[in-house]
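Order-wise, the sequence lines are chains A, B and C. Position 285 of the first sequence, counted from 1, bears residue number 285 in the working numbering, the numbering being contiguous throughout. Position 515 of the second sequence, counted from 1, bears residue number 515 in the working numbering, the numbering being contiguous throughout. Position 34 of the third sequence, counted from 1, bears residue number 34 in the working numbering, the numbering being contiguous throughout.
Hints should not be assumed to be uniformly reliable.
Covered stretches of chain C (in silico footprint by chain A; criterion: 3 or more residues with CB under 8 Å from a CB of chain A, positions within the stretch not fixed) [stated by the list, open to error]: (1) 49–62; (2) 73–85; (3) 99–113.
Derived DMTMM-like pairs (lysine to aspartate or glutamate); straight-line CA-CA distance at most 25 Å [what the hints assert, rightly or not]: (4) C:Lys123 - A:Glu94; (5) B:Lys337 - C:Glu20; (6) C:Lys147 - A:Glu94; (7) C:Lys84 - B:Glu359; (8) B:Lys374 - C:Glu61; (9) C:Lys84 - B:Asp351; (10) A:Lys213 - C:Glu15.
Derived by calculation from the structure, the hints in this document are not laboratory data. All values reported here derive from a predicted model rather than from experimental measurement. Even glycine gets a Cβ: it sits at the ideal position worked out from N, Cα and C.
Now for the letters of each chain:
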Amino acid sequence: MANKTYSFYPGCSSQGKASSSNYLTSTNSMCQKLGITLNEVPDWNCCGASIGYGGGGELPRVVLSARNLALSEQHNAGQDMVATCAACWLASREAKERLDHSPEMKADANVALKEAGLEYKGQAQARHMVEVLLEDIGMEALQSGVKKPLKGIKFAGYVGCQTNRPFGIVGESFENPMYLDNMIEAMGAEAVSNYDQKVTCCGGALAFSEPEKSQKQIKDIIESAYDHGADMIVTPCPLCQANVEIYQGEVNKRYGTKFNIPVTYYSQLITVAYGGTAAEAALGGHLVAPAKLADIANK
Amino acid sequence: MAEQKVAAYICQGCGLGDRLDTADLAKIAQKEGKVAFAKEHEFLCNADGVQLIKNDIAEGVTHVVIGACSRRAKTEAFSFPGVHVSRANLREGVIWVRPDSDEHRETTQEMAADYIRMSCAEAKRVNIPAGNPNHGGNKRILVVGGGMSGMTSALEASRAGYQVVLVEKSGELGGWANKLYKRIPFNEPFNGPQDTGVAEMAAAVQADGNITVYTNAVVSKTGGAPGRFAVEINHNGTPVAEEVGAIVQATGFTTYDTAKLPELGGGKSPNVVDQAGLEALMKAANGGAIKRPSDGGEVKNVVFVQCAGQRDDTGTHLPYCSGFCCATSVKQAMYFKDANPDVDTTVLYTDLRMPGNNEDFYRSAQNKGVTFSKGKVKSVEANGNQCKVAFHDLILNDENAAIADADLVVLATGQVPNAGTDIDAWTQAETESNNGQNAEAAQRAQELKVVSVLNLTYRQGPDVPQLKHGFADSHFICFPYETRRTGIYMAGPVRRPMDIAQATEDATGAAMKAIQAVENAAVGRAAHPRSGDLSFPSVRKEGCTQCKRCTVECPFGAIDEDEQRYPLFNEERCRRCGTCMGACPVRVISFENYSIDTVGSQIKSVDMPDEFDEKPRILILACENDAYPALDMAGMNRIEYNPFVRVVPVRCLGSVNLIFITDALNSGYDGVMLMGCKHGDDYQCHFVKGSEIANYRLSKVDDTLKSLNLETERVATYEVAITDIERVPKLINEYAAKIEEIGMNPFKGF
Amino acid sequence: MSEMKYHNNFLREVEERVEEGHMVKMCMQCGVCSGSCPFGPHWAHPPQELFMMIRAGKREEVLSSDSMWMCTSCYQCIVRCPRKLPITHIMHGLAYLAKREGKVPKGQPTAQFGQMFWDNLTKTGRVNELKLSLSLYFKDGFGQGIKNAMAMQSVGLGLMKAGRLNPLEILGGHSIKDKSGFQAMLKKAREIEDTRRKLA
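Chain A extracted, bound-state conformation (with noise of 0.2 Å):
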């Protein structure tokens, strides 16, 4: 497969033992099965997120992605700074596209990030593991690599926001992206067709300050996949995948409801349709065991 090599930052989620572990190990396990070199940017910080906002204002925010595309090139200079994190991607691109769109901010950013020694040139771009996947490498590609296809499960893509919207992966319609069905369907499994929750917020950082509120949300993602016969919830989003898994409890509770379904990552249904383990896969790392995934990762 491909060697390529790219500049990683993989986000506080991502960290050891933090809310979306599981994606980080998946996405090593899936990376090094398709000859994929993730270096980390050292010393990476928080992106801001997107509830950032309410105590940094704009510079600030900005100057956080500044540092790590600033660190990026510096220490892996000529290679596409790439996130797993939909806020992270959405960060560090909406920052650098300011940076790079205004003389002014970029100046500002700069005297800023003297203080820490830095300097932001321009020269990495920020893009989204989902988008090395489907260009970098292609869906014909990826398909081909297939050993074990993920047969009989059936999975409601759900692709949530930030990795759609605003930016969004080029050739995709923010309304209606196709690209986490075709890969469900390149890895052998069966999507939900007409998944009409496919781009639905799930209230974001508001799951934690507005949970009523968000929860409803969440509610209408997971009946709809029930509706449509799904077996797994798939997501390339950790924010998306932790409220819609967590606070299924929380949601059984408020609308009497009986869900238990998984909720798992892209880099999950790869790394078992590539043959990994289901520790490779970070199986275990579920309130809502993917039985059936693991099953085949254990065949």
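Fit chains B and C to the supplied structure of chain A, relying on the hints for placement.
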């Protein structure tokens, strides 16, 4: 003229040969249709087939019957100059609307046979029209009105090589545009007001050798017809005679009087102006800051009130939207913003209308900081040197929103057309005055006449008819600029509200129509919509009872009366719709290629099964402009309809004479369907009033039916649009079911 | 600042002081944003209305509203806005201005959570999820905090079992190395922004 020789050709292509017994059809043409000879051909529209016909024509054939596709198909292949062609619609009208199966073979063949009979009958009664020998040949164009529209028409006609006479009421060319500081942008990037260019245009008109300009001049008399209009111009009090071939009227508009809007501060404060008033202020400021009229103070806050006295549903003010005023307010707000971005400019609107590229202009205004607030203005009250504008904020749903300190309020009022005399009101006043020697009515008629623009000597009145809200006639749906006075075209805001860009386009179009009119008139051909038709109506005076129905019903005012009160046709004004032919109770009006006989003989040539055959016959008289194409398209879409109908296309439902209906019922048809265009305010009739007149005439057919002891359902009238492709077959089938219910026509077999 | 209704004072202030505020004037009031928001029904004044209020000079009403705190940053409004207004960012910017002007309704949960998140990340350079959750539960005082924490106990235990929550994070947890440079950088950024935006 050479002796008539009719030949019939039956095509076997497009499946006709498989579905129909073409040999039988050829036999029918010969035996019953009495044609000189009939030939079958495997593919008539190909070079070989066409050559076959051409060879026969060279051998003396004068009338050709073609049994193939619809008359609307293969028109070029089947066009033979100097030869009449009748088309039996066997494809779209028969095999494409009937199922291909044995059980339907007989009725399908009967349909085809009847259409052959009908075409043969028609062909034998058609004469080849030779064109109207009495025509004028003047190709000059009179343009009335020297504003942007009129000047554009004059220049465009001149550029196309035509002489123009331009008449302007005021002392200088330019019209409203002279009063504008700038105009709404009309080319890229549509982001700011542009120079009007009016001075340059006026200079170009003055310098144009093809254009004769009369300023301080009005048209005091217009007589004649296309190609020979005799016009009298009152130039500074001196009459000047001019002859022209066509007329463009571009007399523009007047602004709505703000004094009628006291609730919006109209006439109450010098700081409340209309858009024209703002242009005057801006011209006075000449690019500098606009001063407040009341005290010359600086304007820091200006409010634009959209739809002032417009889109009014109370019946007090103008009920319509003038269309240009939103963009004008955008432009005027920019006057302020461009001079000083710190001036607050608020446009209060209920709906912003930004057609075309004005959307970019609107966006540009927002970018410059013009604020647009959706709100309905309730009142404008003067308060010292400022005004309080009270409104209902429709976004925030605040009934008591107000801008308390407007230095200037601009009312976006509408356009009132300068369309001249309201000829309906004038006709009524004239009639009253003539009937009862009524002095008041005579006075009223006189007052209505005074404002006339063209002072036509037509019996229908001194100007063109007016549409809704006093705008001058124009065929709103299909043919803008066309009026019901052939050779007279409307351009610009006189026919509907519009801005300069639209008026310029309008004026160009109207000039082109005027050119078409003079060219057609010069060779005795019909003007639009039967452009190129060489036939013209003639009246057999011996039989005429001088009832005047034709003169009254002609939608185009083409018919006057001579000294002996017989109808006198001004053929150049005629559009060849045949409404006169339909109107004539004694059937003395005809065209060489369209007459009571050409239609009547088709109706009567159908083979009528007897009462016990259980094969009713339904006659459809279908307008050739909309209903007939809709039927053809139903065929193209293979939508089936009942096999017992026989369709005869007519020029316009207005040309349907009641004799067609009585003949049909007398000869045993069980029902008659009449399909014409929508009429009324939103008419779709090519001849404007044709379908309306037909409808009126047919409203009286019930009495005739009752006197014959027939059910009134036996005659049904439908409004059909060209788009009614699925509806028309449905109407036919429903009607056929209804006829089956009523039973056969008792006159059958008599 | 005194309010001048239907004058442009507040609009000008928003243009100067709010992230992407210069785009507010470009709204054409179609309402697609309001109809697209997943939390739409919870906004007292949906974005379209906020934009109109800004133009109408309703400074106090806008800044003291909790509407913009309803934004989940889903970016639906941005991708659907026919005028391409960066609505999400404008909402963030309005919320931040409201915070800096001290106009946020007391106890607004997202405002509180946003501040906690920021404080949490700026301390070590990376987010400490446990401390973040705990500070959220205890935001309304110790007693309520215990209740909140107990209510979410099953979630926490589950996460711990799944290896996705580390109780030892309470003692420190993840951090970047160059904390001092990082913090100096943020301090400087804030200074620059405060000067440019005239934030006290």
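| Given the hint that B:Lys337 pairs with C:Glu20, does the C-alpha gap stay at or below 25 Å? | Holds - the C-alpha atoms of C:Glu20 and B:Lys337 are around 22 Å apart, at most 25 Å.
| said: Taking beta carbons only, do three or more residues of the region 99–113 of chain C come closer than 8 Å to chain A? | reply: holds (count 7)
| query | Given as covered by chain A, does the region 49–62 of chain C meet the bar of three residues or more with CB within less than 8 Å? | reply | violated (count 0)
| B:Lys374 paired with C:Glu61 [C-alpha distance capped at 25 Å] | Holds, at about 19 Å.
| task | For the pair we were handed, C:Lys84 and B:Glu359, check the Cα-Cα distance against 25 Å. | result | Distance of about 15 Å is within 25 Å: holds.
| field | Pairwise hint evaluation, A:Glu94 against C:Lys123, where the allowed Cα distance is 25 Å at most | value | holds (23 Å)
| request: Would you mind confirming whether the straight-line C-alpha gap from A:Lys213 to C:Glu15 stays at or under 25 Å? | output: violated (31 Å)
| query | Between C:Lys147 and A:Glu94, does the CA-CA distance stay at or below 25 Å? | reply | Since the Cα atoms of C:Lys147 and A:Glu94 sit roughly 39 Å apart, the hinted pair is violated (cutoff 25 Å).
| Taking a Cβ-Cβ distance under 8 Å as contact, does the region 73–85 of chain C have three or more residues in contact with chain A? | That given contact holds, which follows from 7 residues of the region 73–85 of chain C lying within Cβ reach (below 8 Å) of chain A.
| query | Holds or violated: are the alpha carbons of C:Lys84 and B:Asp351 at most 25 Å from each other? | reply | holds (21 Å)
Going down the numbered hints, you'll see the structure goes against 1, 6 and 10, while the others check out.
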